[in-house]
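Peer 1: Sequence:
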Amino acid sequence: MAMIFVNLPVTDLDRAKSFYTALGFTINPLFTDDNAACVVVEKDHSAFMILTREFFQTFTDLPIGDPTAAASVATAVMLDSRDHVDSTVTAGLGAGGTEARPATDYGFMYQRQLTDPDGNILEFGWMDPKAAEQGPEAYAQQQGAPDPS
Numbered sequence: 001m002a003m004i005f006v007n008l009p010v011t012d013l014d015r016a017k018s019f020y021t022a023l024g025f026t027i028n029p030l031f032t033d034d035n036a037a038c039v040v041v042e043k044d045h046s047a048f049m050i051l052t053r054e055f056f057q058t059f060t061d062l063p064i065g066d067p068t069a070a071a072s073v074a075t076a077v078m079l080d081s082r083d084h085v086d087s088t089v090t091a092g093l094g095a096g097g098t099e100a101r102p103a104t105d106y107g108f109m110y111q112r113q114l115t116d117p118d119g120n121i122l123e124f125g126w127m128d129p130k131a132a133e134q135g136p137e138a139y140a141q142q143q144g145a146p147d148p149s
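Counting from 1, one number per residue, gives the positions in the sequence shown under my numbering.
The hints are simulated quantities; they were obtained by calculation from the structure and are not laboratory data. Not one of these hints is a red herring.
Ranges of calculated distance between the beta carbons of each label pair, as one might list FRET restraints:
(1) LYS130 to THR32: 34 to 40 Å
(2) ALA69 to GLN142: 42 to 48 Å
(3) ASP12 to LEU62: 19 to 25 Å
(4) PRO129 to ALA69: 33 to 39 Å
(5) ASP83 to GLN134: 21 to 27 Å
(6) ASP33 to GLN134: 40 to 46 Å
It should be emphasised that the depicted structure is a prediction, and the values quoted were computed from it without experimental measurement. Ideal Cβ placement from N, Cα and C applies to all residues, glycine included.
Hey, can you work out the whole structure from these sequences and the hints?
Peer 2: Structure below.
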């Protein structure tokens with residue numbers, strides 16, 4: 001089984017762990033120490049590895065960018081409902097995150113962007129299962145709506 005790990009540099013590991021657990025994710029203690037924490041997004045499928053900037057630097061010879069100054073990646077997490085998207089972003093805002101952009105509602109898909117306290121961009125979204133299966137154009141035609149592109 002393939003798993004995805006998204007590695008994110010953080011300036012304060014304890015603050016980052018508090019932020020990500022406030023979103024409803026869990027910490028895997030088997031892969032957590034003073035340098036890093038494994039944040040389980042979906043068991044046996046996806047996780048964030050939040051790494052102190054110093055430890056993150058040991059994995060690359062390139063300089064680590066400052067996500068508060070320049071975006072280099074946005075990690076999208078699809079959830080099971082619009083309400084789940086809203087409650088997750090609300091929890092993240094309460095835990096020190098920010099929302100730089102308003103929610104985007106395409107009818108078949110709903111997204112909100114949340115920036116963690118270190119500036120890493122997370123996008124939480126929901127997509128109608130029929131649109132995910134058929135593609136947005138076919139879904140729009142079936143619904144009698146204008147083409148979403």
